[in-house]
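Q: Spelled out, the chains give:
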Amino acid sequence: MDTTLAALSDPTRRAILARLAEGEATVNELAAPFPISQPAISRHIKVLAAAGLIVQRVDGTKRPCRLAPGGLSDLDAYLDMLRNALRHNYDRLDRLLAASGEKKDEDP
Amino acid sequence: MTKLVLETEGDTVVVVRRRFAAPPEAVYRAHLEPELIQQWMLGPEGWTMPECLNEARPGGAIRYAWSDGQGGGFHLTGEILELDPPHRIVHVERMHLPDPTPDNHVETTFAPDGDGTLMTMRMTLPDAATRKAMLETGMEYGMEASYARLDQTQTRADG
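Taken in sequence, the protein lines are chains A and B. Sequential numbering from 1 applies to the first sequence in the working numbering. Sequential numbering from 1001 applies to the second sequence in the working numbering.
Hints are computed from structural coordinates only; laboratory data are not their basis. Think of the CB as a built atom: it goes at the ideal place given N, C-alpha and C, for glycine as much as any other residue. Errors might be hidden in some of the hints.
[To be verified] Beta-carbon label-pair distances, calculated as ranges: (1) Thr1120/B to Pro69/A: 27 to 37 Å; (2) Ala18/A to Glu1035/B: 46 to 56 Å; (3) Arg92/A to Asp1127/B: 26 to 36 Å.
Starting from the given sequences, assemble the full structure and let the hints guide the process.
A: Structure (structure tokens):
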């Protein structure tokens, strides 16, 4: 998961993922919106592929990229679990604090 | 209003922010006193904390054990590093699943926010293997049901 987070920490890589969410794209197509060289885009693609977020296939001289199925699931599942457990915890804590606050107000 | 904000910071840190109506003194106490902790630090619905030790002093031990009520569960041990009542708690903790996970360093601060408290908890993200083990303890089961219950609660509260 650390690899996933490192891969996601870069805005260009997040933009590449957003583009791929719309469908498969070649390296040239992915590079087009960015003011950086194609080798630089290729390096970003390597990082995303190493993190298991995207997959590439060979199509003649082209290497089209697409999102890897379930690439984000590990991270998403963990953060969802954490968010949900904490949400329940803190809702309970709200009720507990409200109840003990009322009790204190009733004290003489 | 979304009360809970959870953000990742860099590749190893998660920051959680939450507002409470109660003042910092009360929220701080609820993080250290076992009889209070056992009433709220339970995770998904259906889990309980049969065992709760918190020696609320620097160097003091922490031991929490959770049960899913069906024979499943896990426990956590830790040590308190710093206390600055009622503003700040720094501790380390590890889960035993049953093998101990790497130490997670947690800093929790409680800042006055009007009549209430803004709590900020900054903790280290577990590595992939630890996270997988945590998911496999069953902590994620019942999540859908919990979401549904929460949605109902919020709809009632909003309506």
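Q: Hint by hint, note whether the structure agrees.
A: Hints and how they fare:
A hinted range of 27 to 37 Å for the beta carbons of threonine 1120/B and proline 69/A is consistent with their spacing of about 36 Å. One distance hint, 46 to 56 Å for the beta-carbon pair alanine 18/A and glutamate 1035/B, holds here, with the actual separation near 48 Å. The hinted window of 26 to 36 Å between arginine 92/A and aspartate 1127/B holds, with their beta carbons roughly 29 Å apart.
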